[in-house]
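2 protein chains.
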Amino acid sequence: MLNFEFRNPTKILFGKGQIANLPKEIPAGAKLLMLYGGGSIKQNGIYDQVKEALQGFTVLEFSGIPANPEYEVLLKALKVIKDEKIDFMLAVGGGSVIDGVKFLSSAALYEGDNPWDILSKKVVTKKGLPFGTVLTLPATGSEMNSGAVISRKETQEKFSMGGPGLFPQFSVLDPQVVASIPKRQLANGITDAFTHVLEQYMTYPAGAMLQDRIAESIMQTLIEVAPRVIKDPSDYEAAANFMWSCTMALNGLIQKGVPTDWAIHAMGHELTAMFGIDHARTLAIIAPSHYRYNFSGKKEKLAQYAERVWNVTAMSLEEQATAGIKMTEEFFHSLDIDTRLSEYTGSYEGTAQIISRRFTERGWNGLGERKALTPDDVEKIVEMSY
Amino acid sequence: MLNFEFRNPTKILFGKGQIANLPKEIPAGAKLLMLYGGGSIKQNGIYDQVKEALQGFTVLEFSGIPANPEYEVLLKALKVIKDEKIDFMLAVGGGSVIDGVKFLSSAALYEGDNPWDILSKKVVTKKGLPFGTVLTLPATGSEMNSGAVISRKETQEKFSMGGPGLFPQFSVLDPQVVASIPKRQLANGITDAFTHVLEQYMTYPAGAMLQDRIAESIMQTLIEVAPRVIKDPSDYEAAANFMWSCTMALNGLIQKGVPTDWAIHAMGHELTAMFGIDHARTLAIIAPSHYRYNFSGKKEKLAQYAERVWNVTAMSLEEQATAGIKMTEEFFHSLDIDTRLSEYTGSYEGTAQIISRRFTERGWNGLGERKALTPDDVEKIVEMSY
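Residue numbers (my numbering), protein chains in the order written: chain A, 1 to 386; chain B, 1 to 386.
Isolated chain A, as found in the complex (with noise of 0.2 Å):
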């Protein structure tokens, strides 16, 4: 096990009615700012409850952060804050909302001339204006991590931020949001958890016993629960253990004391700035052909998957890895997820070339859990993908 410092205080409120919760958690007297996107919550009910629980608070509203939480878009919510004095912010929606309160949070008490530096001088943060989010799409795990990811259209361009500073103070988890989800984002939610997982995972053996139970256990839970979710996402039970296996994907826990690799998210990432692919997509798109290009280092780790997930056994090693990379597909077939990218675009042609160029002119540092990946191999393992 590789030495380690995890410390997460997101406090969380999970269940039934966590909403009508609200009012406890927010400092009394603040001046809110709700940020949502694009109304759905005005349709499922959600925006009705929040309002009802806010009453007696002054509560601004900002809407119309989008997928891919867009840096433009975010420098309007940046001038409410900073014009209007706001002193706590609520995120109201998925990841994409979440990730952007973030960005402003960081960006709110930025002592420096440009907020793009935030994201293209990497700036950890270490205070941010507090804020509180109402979970409305288990998916990204943002609702209990210090992490973000901001768009920017102009440049085509995904950057990651973050820092202790950055947690949500609290976070409403209410099951019952599931029920209104359309099936092609419940697909992309579990496809994104479960990758989640694999990046903090499917490395080397690194000792670390209790990590690897775990992280199988979230994989198992989400593998248990998708067939449900997607029949019937209003089975409560079922939509309660997606959404805390989505939670527990990327709460810090399971990437603590082992290696972890993100090279699919890296890749993935681009795939998105260049054809705008749902980003879970884009991972099922990846994975597979990473695994297989990268299948030597990570065979062992590849082989216990297939057998504890799985329960593939009784074959090689070798055997064994290579079913679990398979099984792995076949469970993103199984949620309607296509998993080569000719399956999304007429016009990847090239694209693997472009994209190892966009790493080299970025500055490489290596990709995958040992740095080892060249801008040569991302060439060939997105070309596996096509």
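Some hints could be false.
[What the hints assert, rightly or not] For each label pair, taking beta carbons as the anchor points, the in silico distance ranges come out as:
{"#": "1", "chain 1": "A", "residue 1": "Val80", "chain 2": "B", "residue 2": "Val124", "range": "37 to 45 Å"}
{"#": "2", "chain 1": "A", "residue 1": "Lys122", "chain 2": "B", "residue 2": "Val124", "range": "39 to 47 Å"}
{"#": "3", "chain 1": "B", "residue 1": "Lys16", "chain 2": "A", "residue 2": "Gly366", "range": "24 to 32 Å"}
{"#": "4", "chain 1": "B", "residue 1": "Asp83", "chain 2": "A", "residue 2": "Lys121", "range": "49 to 57 Å"}
{"#": "5", "chain 1": "B", "residue 1": "Trp116", "chain 2": "A", "residue 2": "Lys24", "range": "27 to 35 Å"}
{"#": "6", "chain 1": "A", "residue 1": "Lys24", "chain 2": "B", "residue 2": "Ser160", "range": "20 to 28 Å"}
Simulated from the structure, these hints should not be mistaken for laboratory data.
A virtual CB, placed ideally from N, CA and C, is assigned to each residue, including glycine.
Please arrange chain B on chain A, whose structure you already have, making use of the hints.
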């Protein structure tokens, strides 16, 4: 899954050499009180490492906190804290020292006349004097939770206390400390942590699929590392997984969203108070009888446990559940832990009646996950444990 709230702000510093990082976790200029037990830390080098790390801080010391931290001893430490205007405490020890420091954290800021009221009147501590810990004995999980158990010899009583103000600010977990722990205490630690998981797991199915699997992960890991730790406590990988499993067993995570039992602890505490039997061993005495007596209400989870944790399958539910109890007993025996009261004391006759009467005298609220156990049930369970 039941509704829940979860927040755990303790920062964990895990791994080799983490004691050297103490200074960055303690407020500059703080006047420190370092508290420890009987002095084993002077033999195993931990005392020297801590003192070395704390150079430059004003450090007072209070030693002699006994196993089952004793109220009268703690009052002496409380006097030092007040007289010397201590503003940060460092607990260096196992669960007893850390629990004692939690009582002091509460008592130092308590505004009532009599600190005993914190225990007898079940005061919930919202704010305590800040403290950190250096864990020297994996077992209780106290290093990452906000609860404590305090004893009073004079009255043969053990009381629980806690509150959100009693989380350690940080805990240093260096698995190298395991190397110098005597076999008897290692066996106790494994048994204690294992039973902590059982108390939060062995109830009735509540649709908390992820929590179940994480609980099973901790038990599987403890079972896997137990023989390695006992055989060679300097096996770092085994020690690290043992240590992290003990912490995860009682940091709040697996008790959220599920019913919990804790009747084994309630009865076990009485055995420690009456006979001075090690805490962990009292749990091993009570657990099998408790599960046999409450078989009908727990058989589904017992069977699930037998299958997933012990790989016992292809039997009827009842047979599988029975096998689960048997495997638990055998696991304790494999650690040289006896599971009958008569193996610890010759004067066990009448114990069941005494314990049952004590519960009645204190005001009976019901024990177990259904709060349905009566004093009469307790009498029978303890009798079955003779």
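Right, here's what the structure says about each hint:
no. : hint                              : in the structure
1   : Val80(A) x Val124(B): 37 to 45 Å  : holds (39 Å)
2   : Lys122(A) x Val124(B): 39 to 47 Å : holds (42 Å)
3   : Lys16(B) x Gly366(A): 24 to 32 Å  : holds (25 Å)
4   : Asp83(B) x Lys121(A): 49 to 57 Å  : holds (50 Å)
5   : Trp116(B) x Lys24(A): 27 to 35 Å  : holds (31 Å)
6   : Lys24(A) x Ser160(B): 20 to 28 Å  : holds (25 Å)
When each numbered hint is compared with the structure, no violation occurs for any of them.
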